[in-house]
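Could you build all of it, start to finish, from the sequences and the hints given here?
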Amino acid sequence: MNLIELCLLAAIWGASFLFLRIAAPEFGPLALIALRVGIAALVLTPVLRSAPARRQLRAKAWPLLVVGISNSAIPFGLFAYSTLYVNAGLDAILNATTPIWTALIAAAWFQAGLGRRQIAGLLLGLAGVVLLVWDTLGAGIAGVPLAIAAALLATVCYGFAVNYSKRHLAGIQPLVVAFGSQFFAAIVLLPVALPFWPRQAIAASTWMCVAALGVVCTGLAYILYFRLIERVGAAYAASVTFLIPVFGLIWGALFLGEKVTPSMLAGCAVVLLGTALASGKLENLLGGRRKGGLRVEQGLSSEIKINNKLP
Numbered sequence: 063m064n065l066i067e068l069c070l071l072a073a074i075w076g077a078s079f080l081f082l083r084i085a086a087p088e089f090g091p092l093a094l095i096a097l098r099v100g101i102a103a104l105v106l107t108p109v110l111r112s113a114p115a116r117r118q119l120r121a122k123a124w125p126l127l128v129v130g131i132s133n134s135a136i137p138f139g140l141f142a143y144s145t146l147y148v149n150a151g152l153d154a155i156l157n158a159t160t161p162i163w164t165a166l167i168a169a170a171w172f173q174a175g176l177g178r179r180q181i182a183g184l185l186l187g188l189a190g191v192v193l194l195v196w197d198t199l200g201a202g203i204a205g206v207p208l209a210i211a212a213a214l215l216a217t218v219c220y221g222f223a224v225n226y227s228k229r230h231l232a233g234i235q236p237l238v239v240a241f242g243s244q245f246f247a248a249i250v251l252l253p254v255a256l257p258f259w260p261r262q263a264i265a266a267s268t269w270m271c272v273a274a275l276g277v278v279c280t281g282l283a284y285i286l287y288f289r290l291i292e293r294v295g296a297a298y299a300a301s302v303t304f305l306i307p308v309f310g311l312i313w314g315a316l317f318l319g320e321k322v323t324p325s326m327l328a329g330c331a332v333v334l335l336g337t338a339l340a341s342g343k344l345e346n347l348l349g350g351r352r353k354g355g356l357r358v359e360q361g362l363s364s365e366i367k368i369n370n371k372l373p
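The working numbering puts the first residue of the sequence shown at 63, with every later residue one more than the last.
In short, the hints are calculated from the structure, not lab data. Remember, it's a predicted structure, so these values are computed and weren't measured experimentally. Any given hint could be a false lead.
Distance ranges between label pairs, derived from CB positions [what the hints assert, rightly or not]: (1) L65 x R178: 30 to 36 angstroms; (2) S325 x S112: 35 to 41 angstroms; (3) R116 x S325: 47 to 53 angstroms; (4) F172 x L252: 29 to 35 angstroms.
No residue lacks a Cβ here, since even glycine has one placed at the ideal position from N, Cα and C.
Set out below in structure tokens:
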């Protein structure tokens with residue numbers, strides 16, 4: 063059952079790139095993401111029924127604002143821009159570099175040490191990115207280099223948000239972090255997005271994509287993710303990172319006719335291997351096998367796990 067839910071979560075988050083690719087050209091990145099976070103905040107509003115949750119929200123308003131901007135408003139917008147020019151599958155793979163930037167930022171800004179395996183993982187992951195984008199950049203399509211840079215900058219934002227949350231939001235209920243980040247992202251984005259609201263009529267299918275992004279790929283996905291953490295631990299739930307690119311490629315190929323090239327598959331494999339090394343997941347997996355199975359943490363992690371995912 064846990065594996066089924068993990069795959070379901072990966073399928074949902076992988077589909078977010080598909081929905082972005084469809085909806086961004088009609089809505090534009092700013093209006094689309096303002097709607098996404100606004101809808102997600104509404105879905106997560108029941109969190110506020112708890113008095114302790116409301117107290118935590120008030121007490122941590124400023125850190126939640128920072129996380130809302132760095133983990134939702136900016137990176138969601140950057141990925142929405144990126145999908146205007148590059149395939150959903152490619153963006154899904156680039157999103158998987160988040161743990162690499164998380165480890166790098168932890169070392170550069172938060173004085174966390176990097177072991178040899180982590181350094182090897184960082185270098186391997188970056189090599190995978192180069193392999194991934196080589197063919198795309200070689201095509202010489204206008205806008206693609208900036209779109210790839212935007213996607214990578216989005217993952218850097220995710221990496222910062224993870225490190226920031228560990229320092230400033232420790233002990234806060236994860237769903238309070240989820241609601242607060244979407245709420246404050248909406249507060250920031252809605253006024254900015256209004257001048258860019260689309261003038262033309264929006265197709266019903268595009269509205270359905272927007273609804274899916276906000277309700278399913280953000281609001282419900284957070285609930286499912288934190289439920290997994292509570293039941294099987296953060297280490298197991300975080301392995302969703304390695305499944306998202308697979309579903310991103312599948313959905314892009316099935317529904318948008320995107321080509322999956324050998325260089326994309328090779329780059330994806332190298333990126334995921336580098337991510338596994340940089341985040342320690344490969345070592346955990348091998349260690350678990352030596353002991354007869356994958357180790358699974360019990361209960362909520364002591365660290366806030368707010369990102370793996372979301373474009």
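How the hints compare with the structure:
no.: 1; hint: L65 x R178: 30 to 36 angstroms; result: holds (32 angstroms)
no.: 2; hint: S325 x S112: 35 to 41 angstroms; result: violated (49 angstroms)
no.: 3; hint: R116 x S325: 47 to 53 angstroms; result: holds (50 angstroms)
no.: 4; hint: F172 x L252: 29 to 35 angstroms; result: holds (31 angstroms)
Checked against the numbered hints listed earlier, the structure breaks hint 2 alone; every other hint is satisfied.
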